[in-house]
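Here are the chains, one letter per residue:
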Amino acid sequence: MSTNTATLPVGRYAYDQIDRTFLSQRVAQFREQVNRRIAGHLTEDEFKPLRLMNGLYLQLHAYMLRVAIPYGMLGADQMRALAHIARTYDRDYGHFTTRQNMQFNWIRLEDTPDILERLADVDMHAIQTSGNCIRNVTCDEFAGAAADELLDPRIHAEILRQWSTLHPEFAFLPRKFKIAISGSPQDRVAARFHDIGLVARPGPQGRPVFDVFVGGGLGRTPIIGVLLRDNLPEEDLVAYLEAIVRVYNAYGRRDNMYKARIKILVQALGVETFREKVDAEFALMNRADYRLEPDIVAGIRARFGIPALDAPADAADTLAAGRKADPAFDRWVRTNTHPHRHPGFTSVVISIKPDGGIPGDVTADQMDVIADLADGWSFGEIRVTHMQNVVLGHVRKDRLHELWRRLVAAGLGTPNIGLVGDIIACPGLDYCSLANARSIPIAQKLSARFASPELQERIGRLHINISGCINACGHHHAGHIGILGVDKRGEEFFQLTLGGSAGNDVAIGQIIGPALPEDETVDAIARLIDAYLVLRTEGEQFIDTYRRLGAASFKDAVYASA
Amino acid sequence: MPLLENGRITEDRWTEAVEGAPLPDGAVIVPLERLEEGLARTGQAPLGVAIGPDVDVRQLHHVLPRLELVAVTFTTFRDGRAFTQARALREHLSFTGEIRATGKPLPDQYEFMLRCGMTTVKTERAEDVSVWQQAHERFSIAYQPSILHERRQGLGLRRFLG
Numbered sequence: 001m002s003t004n005t006a007t008l009p010v011g012r013y014a015y016d017q018i019d020r021t022f023l024s025q026r027v028a029q030f031r032e033q034v035n036r037r038i039a040g041h042l043t044e045d046e047f048k049p050l051r052l053m054n055g056l057y058l059q060l061h062a063y064m065l066r067v068a069i070p071y072g073m074l075g076a077d078q079m080r081a082l083a084h085i086a087r088t089y090d091r092d093y094g095h096f097t098t099r100q101n102m103q104f105n106w107i108r109l110e111d112t113p114d115i116l117e118r119l120a121d122v123d124m125h126a127i128q129t130s131g132n133c134i135r136n137v138t139c140d141e142f143a144g145a146a147a148d149e150l151l152d153p154r155i156h157a158e159i160l161r162q163w164s165t166l167h168p169e170f171a172f173l174p175r176k177f178k179i180a181i182s183g184s185p186q187d188r189v190a191a192r193f194h195d196i197g198l199v200a201r202p203g204p205q206g207r208p209v210f211d212v213f214v215g216g217g218l219g220r221t222p223i224i225g226v227l228l229r230d231n232l233p234e235e236d237l238v239a240y241l242e243a244i245v246r247v248y249n250a251y252g253r254r255d256n257m258y259k260a261r262i263k264i265l266v267q268a269l270g271v272e273t274f275r276e277k278v279d280a281e282f283a284l285m286n287r288a289d290y291r292l293e294p295d296i297v298a299g300i301r302a303r304f305g306i307p308a309l310d311a312p313a314d315a316a317d318t319l320a321a322g323r324k325a326d327p328a329f330d331r332w333v334r335t336n337t338h339p340h341r342h343p344g345f346t347s348v349v350i351s352i353k354p355d356g357g358i359p360g361d362v363t364a365d366q367m368d369v370i371a372d373l374a375d376g377w378s379f380g381e382i383r384v385t386h387m388q389n390v391v392l393g394h395v396r397k398d399r400l401h402e403l404w405r406r407l408v409a410a411g412l413g414t415p416n417i418g419l420v421g422d423i424i425a426c427p428g429l430d431y432c433s434l435a436n437a438r439s440i441p442i443a444q445k446l447s448a449r450f451a452s453p454e455l456q457e458r459i460g461r462l463h464i465n466i467s468g469c470i471n472a473c474g475h476h477h478a479g480h481i482g483i484l485g486v487d488k489r490g491e492e493f494f495q496l497t498l499g500g501s502a503g504n505d506v507a508i509g510q511i512i513g514p515a516l517p518e519d520e521t522v523d524a525i526a527r528l529i530d531a532y533l534v535l536r537t538e539g540e541q542f543i544d545t546y547r548r549l550g551a552a553s554f555k556d557a558v559y560a561s562a
Numbered sequence: 001m002p003l004l005e006n007g008r009i010t011e012d013r014w015t016e017a018v019e020g021a022p023l024p025d026g027a028v029i030v031p032l033e034r035l036e037e038g039l040a041r042t043g044q045a046p047l048g049v050a051i052g053p054d055v056d057v058r059q060l061h062h063v064l065p066r067l068e069l070v071a072v073t074f075t076t077f078r079d080g081r082a083f084t085q086a087r088a089l090r091e092h093l094s095f096t097g098e099i100r101a102t103g104k105p106l107p108d109q110y111e112f113m114l115r116c117g118m119t120t121v122k123t124e125r126a127e128d129v130s131v132w133q134q135a136h137e138r139f140s141i142a143y144q145p146s147i148l149h150e151r152r153q154g155l156g157l158r159r160f161l162g
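Which chain is which? The protein sequence lines are A and B, in order. Note that the first sequence covers residues 1 to 562 in the working numbering. Note that the second sequence covers residues 1 to 162 in the working numbering.
Incorrect hints may appear among the rest.
[As the list claims (entries may be wrong)] Using C-beta positions, here's what the derived DEER-type ranges look like:
(1) A:Leu-109 x B:Ser-140: 42 to 52 Å
(2) B:Asn-6 x A:Ala-288: 42 to 52 Å
(3) B:Gly-154 x A:Asn-504: 47 to 57 Å
(4) A:Leu-549 x B:Arg-152: 52 to 62 Å
(5) A:Pro-204 x B:Val-129: 26 to 36 Å
(6) B:Gly-154 x A:Ala-451: 48 to 58 Å
(7) A:Asp-77 x B:Gly-154: 24 to 34 Å
(8) A:Gly-539 x B:Gly-154: 51 to 61 Å
(9) A:Arg-31 x B:Thr-75: 27 to 37 Å
[Claimed, not checked] Here are the simulated DSS-like cross-link-like pairs (lysine-lysine), alpha carbons at most 27 Å apart as the crow flies:
(10) A:Lys-48 x A:Lys-277
(11) B:Lys-104 x A:Lys-48
(12) A:Lys-48 x B:Lys-122
For the record, the hints were derived by calculation from the structure and aren't laboratory data. Computed from a predicted structure; not experimentally measured. Where is the CB? At the ideal position from N, CA and C, for every residue including glycine.
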């Protein structure tokens, strides 16, 4: 398949007329479903799975629309469309989620078909961003750019997006199903906290092979996924995933939604039995039907626009001089950039966590600014991260200083990536009908408390993750410091967990002691961090000190009376 | 709700076994627990079996050559096990007879049912048949192979429907 890559958007799969026809048919379908609902031909109970298939939730105060950003890749044109939707149909802002999607919190049911049509105009949709189906496939925010990458995972993420989109057998699974894919030895996708986590690398003859982890997840029963299969050849990727999801569909529990995820099935059967069932299904399949031939992969790959990476030989020197001249810029480069495979380029993380702000919230004007900066500095390409930030993947080093100035002017220059201010938080009781407690105020207070960039850098790498309820959308189990909102007789309390990690050193955080009242939580965490600064040895990060010393050393600090 | 085939109403030649009553002559659908009784009937009258969503269809392996119909059921539209059962009947067991969807599937699931190998629908829901017909005709593209072996579109795993 020959394609003129010069005309393709960089970094994402370019739709063709067939893809667009598919979307317009689906928008028409949803418009008709909404009409049936409004006319009373569908009950709310019947309409619910249909709206969920199009990303529409009924939340505490309004409908919430979750727009799919496949593997986090977004074009400037698409970002502008999101800004337009925020202005026209919401309250001027949107929210980036830990699934690399964008949510709008104040949507009217009757506007939704028009919104979906507007999204379809820029090759976007909200299909399968909710419901008991295979959700948006997530991937490394530095895909195709990272210096340590072995294989660009976006091509296979797109193949899996297509395969799972309205899959006839898997649209009504026991529960939601989440797949993440990484092509780097550094796990930046929390592969072992997913229903299926895939780690790709080049195999024989350079063709990709995959390690397949299954049955991981957070939620009320946090479990680290197990390796089900290593070195899965590329041609069997779709067949093997079909086999896994078929076994799950047939045997996953449907009597209790809290025990319906694949992690419970894997635990109940035992890994060996689960693997036997998958292997048996795999052996029975007409594998030729599902084989991922090289030409299929090449056809998808050819729809991805490739950036022309061309930088002056002295780009790195220009950057070094700029850093030397401007300490604030230097700090931001230290915290908010990531090594690029090309020596003249870097990847930039735009913090969506301003001091005292709401993690992941972005105004319509900021969306437009990000779109403009992406056009000017990164080939029109934008990535959304599972940490609720935004990445410009390919920025020339000699042009970084000017980009930073623009970001600072737009309130998007906070130098806190990977630091204590880079907090993950779910929407909590401010929006979510499931939540027991407010996550956002705690995140805001913590981020204001640790606003000093000097202090944040001194504290070092530290992930604080906040969930407003046991469902763990804020990934509190995976935080170095996890905060879980609980309801005690109508009052909001917060349970602290320590030692979690979503990276290569994957771990589930341990509860440290009794939950704290809301007004004591921020102080307790400040004391905890103070204790770490005293206890740590030279060069140690929080997680290292915690693992060396255990919870006891920190417990006293947390529960010390003020 | 009448019997649907290819988005149109069709005549139902099958009778369902009545609990506690002897099996009638002619084409009859028996529940799984009365399958032996159905097989023991004299003559060559067509036989079908109705299975619940928790049945592993592989247990029908030996009797499938004697069956002309398998009825799978959606106890609720949310329970998608019937999709996997139908697909396995076609793909693993090469069953070529009628696969009938029963229970309470939504018309919005019609395309999925057909692509998993179900051929007819007899539902307890009281929908206007036109909603089902629309659901059958609305879509021309899918993103993955199915039991119907639709024509490849050329890019990725895409297929043309219909």
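Violated hints, by number in ascending order, as checked against the structure: The structure conflicts with hints 1, 2, 3, 5 and 10, although it agrees with all the remaining ones.
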